[in-house]
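2 protein chains.
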Amino acid sequence: MTETIELKRVGEGNLRAQVYQQIRLTIQHGELAPGQKLVDVDIAAQLGISRMPVRDALMQLVHEGYLVGTTRGFTLPTLTATDVADIFEVRRLLEPRAAAHAARTLDAAGLKTLAAALREAEAAAAAGDADRFFQANSAFRNCWLGAVENERLSQTIARFADHVLVVRLRTLSHQPTQAVVVAGMRAIYEAFVKRDAVAAYDCMTHFIQNAEERFMKLSPPLQHSSGEGESMSRRGKS
Amino acid sequence: MTETIELKRVGEGNLRAQVYQQIRLTIQHGELAPGQKLVDVDIAAQLGISRMPVRDALMQLVHEGYLVGTTRGFTLPTLTATDVADIFEVRRLLEPRAAAHAARTLDAAGLKTLAAALREAEAAAAAGDADRFFQANSAFRNCWLGAVENERLSQTIARFADHVLVVRLRTLSHQPTQAVVVAGMRAIYEAFVKRDAVAAYDCMTHFIQNAEERFMKLSPPLQHSSGEGESMSRRGKS
DNA sequence: TAAGTTTATAATGTATACTGTTTTGGGCTC
DNA sequence: GAGCCCAAAACAGTATACATTATAAACTTA
Chain A
1 MTETIELKRV
11 GEGNLRAQVY
21 QQIRLTIQHG
31 ELAPGQKLVD
41 VDIAAQLGIS
51 RMPVRDALMQ
61 LVHEGYLVGT
71 TRGFTLPTLT
81 ATDVADIFEV
91 RRLLEPRAAA
101 HAARTLDAAG
111 LKTLAAALRE
121 AEAAAAAGDA
131 DRFFQANSAF
141 RNCWLGAVEN
151 ERLSQTIARF
161 ADHVLVVRLR
171 TLSHQPTQAV
181 VVAGMRAIYE
191 AFVKRDAVAA
201 YDCMTHFIQN
211 AEERFMKLSP
221 PLQHSSGEGE
231 SMSRRGKS
Chain B
1 MTETIELKRV
11 GEGNLRAQVY
21 QQIRLTIQHG
31 ELAPGQKLVD
41 VDIAAQLGIS
51 RMPVRDALMQ
61 LVHEGYLVGT
71 TRGFTLPTLT
81 ATDVADIFEV
91 RRLLEPRAAA
101 HAARTLDAAG
111 LKTLAAALRE
121 AEAAAAAGDA
131 DRFFQANSAF
141 RNCWLGAVEN
151 ERLSQTIARF
161 ADHVLVVRLR
171 TLSHQPTQAV
181 VVAGMRAIYE
191 AFVKRDAVAA
201 YDCMTHFIQN
211 AEERFMKLSP
221 PLQHSSGEGE
231 SMSRRGKS
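Going line by line, the protein sequences match chains A and B.
Residue numbering for the first sequence follows this note's numbering, starting at 1 and increasing by one per position.
Residue numbering for the second sequence follows this note's numbering, starting at 1 and increasing by one per position.
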């Protein structure tokens, strides 16, 4: 029951920042099981520090939507179909524009990184390695997002993309979906190479639409949460 | 120098939530001077509680972009022209769509509230009362945003709108600007009354564009922060 | 007098202890 | 055996004490 996730400190800034970074990376890598609970005192003991920095980090992750806090530890939020639809609506509005920006600002090094991530994704798809495909996908996105100069835009996108990441691990295991995703990535990449902002905008629009459709098709277990859903409810708040 | 802002506890949830709510409202009402610093221990003493809930609330506000934390207290962020432009780019992408949704979902009570806020804004503009105009403007926005069912969308908008609120207080003091804003509000309101989603979308697009133009025109003191701006930098982070 | 360096201080960062509340599990009763 | 009630544990919330750090002030020196 006590599946201890491995956390080690990374030397950057104060303890809270280090712990925050570590836990977020753990979540982003899909290394945190959906039902698993994080308890501040346990993590603190594991890292050899006090509760407070851990607690601060966990609360920050809750505020950013990465976790939900219950009276018995912190866990991943369980997204309803409505939640996923809401997230994708925001992504549909933001990501095409951001991609258009990236088409202008990506430098040679960035394009090279993107090419590598694309090849990695294709190789993973061919090998049927869902986890590798998942990582390549994240690397691809993080790279072009890093080239977007409007940091508020890129950070908002990154956050919402991360929120569906947990569910996406399931979707990306599906073979036909992988093919569609790879095709989308390649189209976006080529638009970037040509520095064609309009094409990047359109390709990204398509990409997001496809991703959402795949989600909705492959996720029947999620109920639709009509009205007062309890999926994202914080502790005692409205 | 020690301008003690008045804070009183409001009975809702735990101490952190109460303090958070209070400070955020203080900021949203423009009652916090730009240079003024908030110190957790001072606020704690004023409220008769310990530092920790106050500290948690302040840190949450930092994470949400309402404040910046230095080693000598928390203050309002000083936005550069680039910051404002970035915020408005996100708002341009999100708000028209949100307004279109509101046109569908606003009920009679909501429309009544909007009408009241609109009248209040017109009266304040006629009286030349900048502060009253500012409040009416916020009430108007909060009302229609509350009707948007996609809470992630509405909350993201609310947060970014709040970030420019501090600067907006200056802009809204300008008489010609008030006239333009009132006209925009009226157009949006009428689109809402007609339940015309397309019109609401277009009016909101216009409204945001106007707001941004006014900002850029009336804010020469803000430098453009080319490259490594220090305006939004957190403490020791990248 | 101005610039550089040291010291003092004011604030956050971290640790530990205590309190309150919810959940879970066990035992009692019907 | 099933349901209710009570008790104990497990956790977050809060309080207080101590450590650390960056800024500002003071002091020295060219």
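Hint data in this document are derived by calculation from the structure and do not stem from the laboratory.
Treat the hints with care, as some may be off.
Repeated chains share a single entry, so a pair holds when one copy, or any two copies, can fit it.
Stated by the list, open to error - Only pairs whose alpha carbons sit at most 25 angstroms apart, straight line, appear in this in silico DMTMM-like list of lysine to aspartate or glutamate:
id, residue 1, residue 2
1, LYS194, GLU12
2, LYS217, GLU149
3, LYS112, ASP202
4, LYS194, GLU31
5, LYS37, ASP56
6, LYS112, GLU31
7, LYS194, ASP56
Comparing the hints with the structure gives:
Neither within a single protomer nor between protomers do LYS194 and GLU12 lie at most 25 angstroms apart by alpha-carbon distance, with minima of 37 angstroms and 55 angstroms respectively. In this homomeric assembly, LYS217 and GLU149 come within 25 angstroms of each other (Cα to Cα) only across copies, at 23 angstroms, whereas the closest approach inside a single copy is 34 angstroms. In this assembly of identical chains, the alpha carbons of LYS112 and ASP202 lie at most 25 angstroms apart only when taken from the same copy (22 angstroms versus 40 angstroms across copies). For the homomeric pair LYS194 and GLU31, neither the shortest alpha-carbon distance inside one copy (36 angstroms) nor that between copies (50 angstroms) is at most 25 angstroms.
In the homo-oligomer, the alpha carbons of LYS37 and ASP56 lie at most 25 angstroms apart both inside one protomer (16 angstroms) and across protomers (22 angstroms), since each shortest distance falls under that limit. In this assembly of identical chains, LYS112 and GLU31 lie within 25 angstroms of each other by CA distance neither inside one copy nor across copies; the values are 28 angstroms within and 50 angstroms between. In this assembly of identical chains, LYS194 and ASP56 lie within 25 angstroms of each other by CA distance neither inside one copy nor across copies; the values are 44 angstroms within and 47 angstroms between.
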